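Undergrad: Chains as they are written, first to last, in my numbering: chain A, 667 to 1098; chain B, 667 to 1098.
Take these hints with a grain of salt, some might be off.
Just so you know, same-sequence chains aren't split out, so a pair can sit in one copy or run between any two.
Heads up, simulated DSBU-like pairs for lysine-lysine below, C-alpha to C-alpha not over 35 Å straight-line [stated by the list, open to error]:
# : residue 1 : residue 2
1 : K885      : K756
2 : K888      : K796
3 : K959      : K1059
4 : K822      : K1059
5 : K888      : K756
6 : K888      : K1059
7 : K888      : K982
For the record, the hints were derived by calculation from the structure and aren't laboratory data. Since this is a predicted model, take the numbers as computed values, not measurements.
Number of protein chains: 2
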Amino acid sequence: MGSGSWLEIPPGSHFSLANIPFGIVTTPSSTEKHAAIAIGGHVLNLHEFAVRGGFSGLKEFTAAHSAIFSQSTLNDFAAAGQPFHQEVRKYLQKVLAVDTSFPEVLKNNLETQRAVLFLRDEVTVHLPMKIGGYTDFFAGKNHAYNCGCIFRDPKKALQPNYLHLPVGYNSRASSVVPSGTAIRRPLGQFLENASASRSTFGPCRRLDIELELGALLCKGNKLGQPIDVNDAEKYIFGFVLLNDWSARDIQAWEAVPLGPFNAKTFASTISPWVVLKDALEPFRAPGILNEAKLHRYLQEARQDNVHDIDLEVQLKTSEGETATVSHTNARNLVFSFAQMIAHHTVGGCPLEVGDLLGSGTISGTEPGTLGSFLESSLGGKETVRLSESIHRKFLEDGDTITIRGWSGTDSSSLVGFGDCVGTIEPALQVFE
Amino acid sequence: MGSGSWLEIPPGSHFSLANIPFGIVTTPSSTEKHAAIAIGGHVLNLHEFAVRGGFSGLKEFTAAHSAIFSQSTLNDFAAAGQPFHQEVRKYLQKVLAVDTSFPEVLKNNLETQRAVLFLRDEVTVHLPMKIGGYTDFFAGKNHAYNCGCIFRDPKKALQPNYLHLPVGYNSRASSVVPSGTAIRRPLGQFLENASASRSTFGPCRRLDIELELGALLCKGNKLGQPIDVNDAEKYIFGFVLLNDWSARDIQAWEAVPLGPFNAKTFASTISPWVVLKDALEPFRAPGILNEAKLHRYLQEARQDNVHDIDLEVQLKTSEGETATVSHTNARNLVFSFAQMIAHHTVGGCPLEVGDLLGSGTISGTEPGTLGSFLESSLGGKETVRLSESIHRKFLEDGDTITIRGWSGTDSSSLVGFGDCVGTIEPALQVFE
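Just chain A, with the same shape it has in the complex (with noise of 0.2 Å):
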């Protein structure tokens, strides 16, 4: 089956004409950020694209709607509103049609193709928005089951409220990073083992990952007033893949009884390109089944309300050497994006345009589909052989490593994320 695009789009690419996902880019002929779509092996930078009159084929568009585009982030783009997104993504669509009814904005219009379209090793990639807010959830049923068992009985694995509301805490949006940023190991405080009596200082020994699925909101709710959940997904701009780095020893030891804090707050990584809510309706698909009679703010209409996506972890060593060290499905969720909405706001809490929300890590039952290290090496006590020559319990310096996360089967339907990458780097050597 064909790319159904005029723009080569390489077999196998996540950013097929069925996808069109929005992210914030500097590229060769500008240091100034600006708003781009990923088309194939292509960038298409949308403020260049509407300073030509890309945008003169979508009715009713004005100077205004153009210059959300000149922002630095797309936090005005999600303001905008679902139906703005919608229209804007159809519209791109038929630009890159291979029968497009627009063939002067683009196809036929190498001038304005040399001044948008850049390859996509050449751009820079960017925070894609200003988070306000980033909540992340513990809505991996497998994983919390799994960390239950671990650190307690597995007949009382899951704790009694699991179940019954989507468990999530307030991490921190300064940190949230885009992919590529290197991550320093950070240093703390925790235990040598569980009966030392003192707090060692030192860099984190328990360096681990978290697979996740983040979703950013593009609507707010004002102080007091709480989201129904049946309307939760209209404030969903899109999605993006998530690793939350997690010190499992500083966490051990800080977080009694106030929840994680510096264990998470040294880096949070995130996928660089926004995969629109609407892209992705078509890999709609039910969760995990959940027993509990919820309470009515919970009570989905819905039966599909999480993604079929396809989700790969992968680490590459200093030397070059690489391994997959999991591959799993986003389907491993007891809780939905738009219950999580429901329940942070049931309280009166407000969310804004901009705020990410993580859905804790998703996990799946086997060996080879865990979302971290502390379920894989069982809290460190077992070494994971990855391959032949890669075996870990936690992340050594230098280890690299890649989600990705994809629906769809061919070059027509993939809508993927693109890589959500990070490379550990040495602790500070300070404080000694």
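Fit chain B to the given chain A structure using the hints.
TA: Frame of chain A, contents of chain B only:
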């Protein structure tokens, strides 16, 4: 002793010439938000003052400096740095002094006086800063001990980590509101009693206060770059009073294992005027002695690392009766804000201009000195007799809580915060 100002400063005013706190106001003559200072019973609009050449006596004061006061938040003023804050504060003290050497600027300039001075009662105060991150600590040792005695054994009241690091968690910035904002009782899930097998949904039944001091930041650090504890005070713009409203029943059910979430995110109230770090310098004092041997990154050279600030909580019923809930002092902290900043960043977390750090609840050790009803009612077991007619375990609808804080003793030295006020509104009637 006189007030030292040509402007009348009522005896006992928290806004003496020694204070000069900054805020954001709208006035009867403009609906635009502008920077202002509080002085006695008046407010001085700094935008109008700057426009009229009010800063003409301040060397090297440019149009760019002037523009800082036309913003709708104090973030740009904060970001201008402590030396600039000090200069501006000292200059305004000179302008307002009885023996001012700049009489033409305001004292003898009735036209400017009419344009820039307003009665405090006729202006509306707004959130002074755009708060990016709000981190709440737990540095009130007596509070931590009291809570530990309620939930555990008095012998093990403090958790093993407590004295070794300033325990804290990310709270929610979007629901920080200025004094005077109504506080709607949150809806949420909780257990009716300890033996309940299923959670109840409805209005919070254990709505509480937390008496805290907040620090607002004027400087950030880069990702991966810790702040030295002995350099950390340079990052503090100033201080506010903070009421970290808490839903104890929701907290008890939701907080395992990731900490408080909806129990806190419905609202946190701050006092409207930012008391500059400099204004509180005369009131430095040692806090609670920490017997633990701290890791080097937390070892502060100064002993007088907190402030001697009187703190008072008052409750007013919907019938207008009032009682004092608590009278304590901000010295009841075992970690300083400098130590909180050092700990917050030791793993590499970036702080930003406008971030709010909460001290944690400040309590003394005796009845009448406690910063929460959780403590005074022994976890809701006992009714607190605040007065002959006012009895409470937790807050009732219609209750108004006012926190006040001040240092100094007379009209020439009083440095106070202004009231930090919130009234409880009944819960929404939804999802029933």
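Undergrad: Which hints from the list above does the structure break, by number from lowest to highest?
TA: Nothing - there is no hint that the structure violates, so all of them hold.
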